[in-house]
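> Here is what each chain is made of, one letter per residue.
Number of protein chains: 2
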Amino acid sequence: MSTTVSPLAPTSYPDMPELKGVKFATAEAGIKYEGRTDVLLATVAEGTSVAGVFTRSKCPSAPVDWCRSRLAGGTVRALLVNSGNANAFTGRKGMAAVKLSAEIVAGALDVAEEDVFLASTGVIGEPLPAEKFSVVVEGLKTSQGKATWLDAASAIMTTDTYPKVATASVDLDGKTIVINGIAKGAGMIAPDMATMLSFIFTDAAIAPDVLQALLSDETPGSFNAITVDSDTSTSDTVLLFATGAATDSGVDPVTSLDDPRIGILRTALGDVMLDLSHQIVKDGEGARKFVEVRVEGAKNEASAKKIALAIANSPLVKTAIAGEDANWGRVVMAVGKAGEPADRDRLAIWFGDIRVAVEGERDPDYSEEAASEVMKCEEILLRVDLGLGEGAASVWTCDLTKEYVAINGDYRS
Amino acid sequence: MSTTVSPLAPTSYPDMPELKGVKFATAEAGIKYEGRTDVLLATVAEGTSVAGVFTRSKCPSAPVDWCRSRLAGGTVRALLVNSGNANAFTGRKGMAAVKLSAEIVAGALDVAEEDVFLASTGVIGEPLPAEKFSVVVEGLKTSQGKATWLDAASAIMTTDTYPKVATASVDLDGKTIVINGIAKGAGMIAPDMATMLSFIFTDAAIAPDVLQALLSDETPGSFNAITVDSDTSTSDTVLLFATGAATDSGVDPVTSLDDPRIGILRTALGDVMLDLSHQIVKDGEGARKFVEVRVEGAKNEASAKKIALAIANSPLVKTAIAGEDANWGRVVMAVGKAGEPADRDRLAIWFGDIRVAVEGERDPDYSEEAASEVMKCEEILLRVDLGLGEGAASVWTCDLTKEYVAINGDYRS
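As given, the protein sequences belong to chains Y and Z, one line each in that order. For the first sequence, UniProt numbering assigns the number 1 to the initial residue and increments by one for each residue that follows. For the second sequence, UniProt numbering assigns the number 1 to the initial residue and increments by one for each residue that follows.
Hints were generated in silico from the structure; no laboratory data involved. Do not rely on the hints blindly, as some may be mistaken.
Because identical chains cannot be distinguished in the list, a pair is counted as satisfied if it fits within a single copy or across any two copies.
[As the list claims (entries may be wrong)] Computed cross-link-like contacts, BS3-like style, restricted to lysine-lysine with a CA-CA straight-line distance of at most 30 Å:
1) Lys-376 x Lys-175
2) Lys-93 x Lys-299
3) Lys-376 x Lys-32
4) Lys-32 x Lys-402
5) Lys-175 x Lys-402
6) Lys-32 x Lys-141
7) Lys-32 x Lys-306
8) Lys-299 x Lys-132
9) Lys-402 x Lys-306
10) Lys-58 x Lys-99
11) Lys-376 x Lys-299
12) Lys-306 x Lys-99
13) Lys-99 x Lys-20
14) Lys-141 x Lys-299
15) Lys-32 x Lys-20
16) Lys-58 x Lys-32
17) Lys-402 x Lys-376
On a predicted model such as this, the values are computed, not experimentally measured, just so you know.
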């Protein structure tokens, strides 16, 4: 763990409203870290719906395989998350460890093994000592409900420099329903640390297929629109739980995407997901600047996103931003390499409000001084108009600093 | 230009044999640099064939557009290359500058404007002051043949820390024919400097379509199999010239790919291209280690190359190599993110001769000490066996160091 908090960390945390139907407990299992919590147990009410999206890696971790196979069942009672060991690339030992983990939790809570979801984050390639969970599971059981949202977010941190929480409340049927989420660190972080994890809960009752559709729809614009170093973890996991506790106060279950309340739910969920994903970027290794790359005027949305990612992943663009250099030549280069339709002579590029290039040339009115002022900011909007169509997309990234190389190039401890 | 020569620079240069039918001259036009040559004029014999491969960027530079359109004609008499300004993203001014450049050279040499090929490398987005060529063109004309291959390679350098030359000689029809090449720097180099350029010459007589086929065939395994920072220049250009001067000593022209001499020619050309492309990687910004990423056992060759590039372009793999860390977990991550068929539990990974992972787990015989010895070397082979098929491919890259960030993050001068 870094001892220096990211300069882009939030200055305060939101008050997280109570969310009925979920309880947290944390413990120190000593998986890898000393003197801090490294296990989170979340228990959810019977009848809770669950949806998930996972890494697209062809070499996923054992817990990702486990969760994927459990999603089909549609039922869930508990979620166990550990930090310090990702249980990734651990072969048959990895599957044995997830099985043992689920057994330990199921036994203690008297629920079905199939209803225990699992996530792990930390070192790759080391066997996960799942037997350590048996030492702490009784304590986790008896202290259910004692851990706060911030406690939960802290227990799942690896090299994160701050815990990440977000919340939204909306009115459904004249009652307030809540969506609370936690997340941990982006990128394949410091030596061997993997994984972007996020767990989001709502007390609304939402049918599993509707829940999955909402989560899948909101992922491309949030968690799949951020990049720290273009690397994809073996363990990325987002789970969304709907406890349904709000039905007790008279909120009708949502059972169809045609429900008129879907729009407001979708917006609130999207806001929470976007908030958490931005917090992840702001905690990118060595990050000093938070950058929105906005591409407009593309042939279509997919093309816009591909170009935006090419810009956001370019080491040359990211080092230029670290150097506070409005280096639009590198942006042109990145547009060109994306392989998507682009016409050099229609391109226009802005840093903040400053148009630096237009119609294939440096903007004649371009002021180096004004652009430099923009580049000094902590948050920067880099906007590209391709002038070809209506496609638009945003992605979010951070700069590439010497600290990134130092963090990732230090010898594995 | 850097004042520190890459630690991976060659310790000596080959003797470059005379190659009839091509003459070099260099000059100081003061495009951007002071006190060094920045223009190369190569003149070639009448009847010389020419072939080319260019950047796949959708935003190519004006000289790339020019060369592409000239290739169709199939004739060439001169090549003008300048360093210091890439004439890229310069709009209509860019096309005017290439036209003026060709006019100046054509007028001085009394050749057709269409027979003048052009390449530019350096700053992006600044208009190229092509009129400066008119000041030096008479001197270039009268000094034709005075510049050596090393002089030629030096005149086209931007942030390269050493000139790049390579040569091969082979027997055709009992006579020696020569292939000589020069190249300049990889990657989108120091602030705003673009372009990988290479110019290769042979005195063999080779028909244009055969020449193009040979060049196109040998490019994927050489210039298109290297990566410094995954970024693609707007200006990448490789031109291959066959002067045909060897026909004077009795070497019959090569007019078909079925010619029995094609094999030996192809091998020699491939060797020169691979040599030059490796030199480019070894001069990557901040490079301290030269890495071959070899992927075997893939479904097919294309899949192997895609996975190899995913590994070679991963900032996390590259920083680990900079830190001399045999971090195979990051290699697994990069294999997984490539999106190609891969089975976690069949993967094996070697650094040098040390197998660090096998069948989806850390190799039980893995010695951290032995792996550390491998990682201390200047040249490292990183080998992955997917265990799925017969597809194999190699790509070459360098490590990602703090110097890379420093070079590319300094404020644009």
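> Now tell me if each hint is right for this structure.
Going down the list of hints, with the structure as the test:
Proximity of Lys-376 and Lys-175 under a CA criterion of 30 Å is satisfied in neither setting, with 45 Å inside one chain copy and 64 Å between copies. When the C-alpha separation of Lys-93 and Lys-299 is checked against a cutoff of 30 Å, the pair qualifies only between copies, where the shortest distance is 27 Å, while the shortest distance within a copy is 47 Å. Taking the shortest Cα distances, Lys-376 and Lys-32 sit within 30 Å of each other only across copies (28 Å), while inside one copy they are farther apart (39 Å). For the homomeric pair Lys-32 and Lys-402, the shortest alpha-carbon distances inside one copy (27 Å) and between copies (29 Å) are both at most 30 Å.
In this assembly of identical chains, Lys-175 and Lys-402 lie within 30 Å of each other by CA distance neither inside one copy nor across copies; the values are 50 Å within and 54 Å between. When the C-alpha separation of Lys-32 and Lys-141 is checked against a cutoff of 30 Å, the pair qualifies only within one copy, where the shortest distance is 22 Å, while the shortest distance between copies is 71 Å. Taking the closest pair of Cα atoms, Lys-32 and Lys-306 never come within 30 Å of each other, the shortest separation being 38 Å inside a single copy and 35 Å across copies. For the homomeric pair Lys-299 and Lys-132, neither the shortest alpha-carbon distance inside one copy (53 Å) nor that between copies (40 Å) is at most 30 Å.
For the identical chains of this complex, Lys-402 and Lys-306 are neighbours both inside a copy (26 Å) and across copies (28 Å), given an alpha-carbon limit of 30 Å. Proximity of Lys-58 to Lys-99 under the C-alpha cut-off of 30 Å is restricted to the intra-copy arrangement: shortest distance 21 Å within a copy versus 50 Å between copies. Proximity of Lys-376 to Lys-299 under the C-alpha cut-off of 30 Å is found in neither arrangement, the shortest distances being 32 Å within a copy and 48 Å between copies. Taking the closest pair of Cα atoms, Lys-306 and Lys-99 never come within 30 Å of each other, the shortest separation being 38 Å inside a single copy and 34 Å across copies.
Only within a single protomer do Lys-99 and Lys-20 lie at most 30 Å apart by alpha-carbon distance; the minimum there is 29 Å, versus 73 Å between protomers. Taking the shortest Cα distances, Lys-141 and Lys-299 never come within 30 Å of each other, neither inside one copy (54 Å) nor across copies (48 Å). Taking identical chains as interchangeable, the C-alpha atoms of Lys-32 and Lys-20 are never at most 30 Å apart, the minima being 32 Å within one chain and 68 Å between chains. For the identical chains of this complex, Lys-58 and Lys-32 are intra-copy neighbours only, at 26 Å inside a copy versus 48 Å across copies, given an alpha-carbon limit of 30 Å.
Taking the shortest Cα distances, Lys-402 and Lys-376 sit within 30 Å of each other both inside one copy (17 Å) and across copies (21 Å).
The structure shown violates the earlier hints numbered 1, 5, 7, 8, 11, 12, 14, 15.
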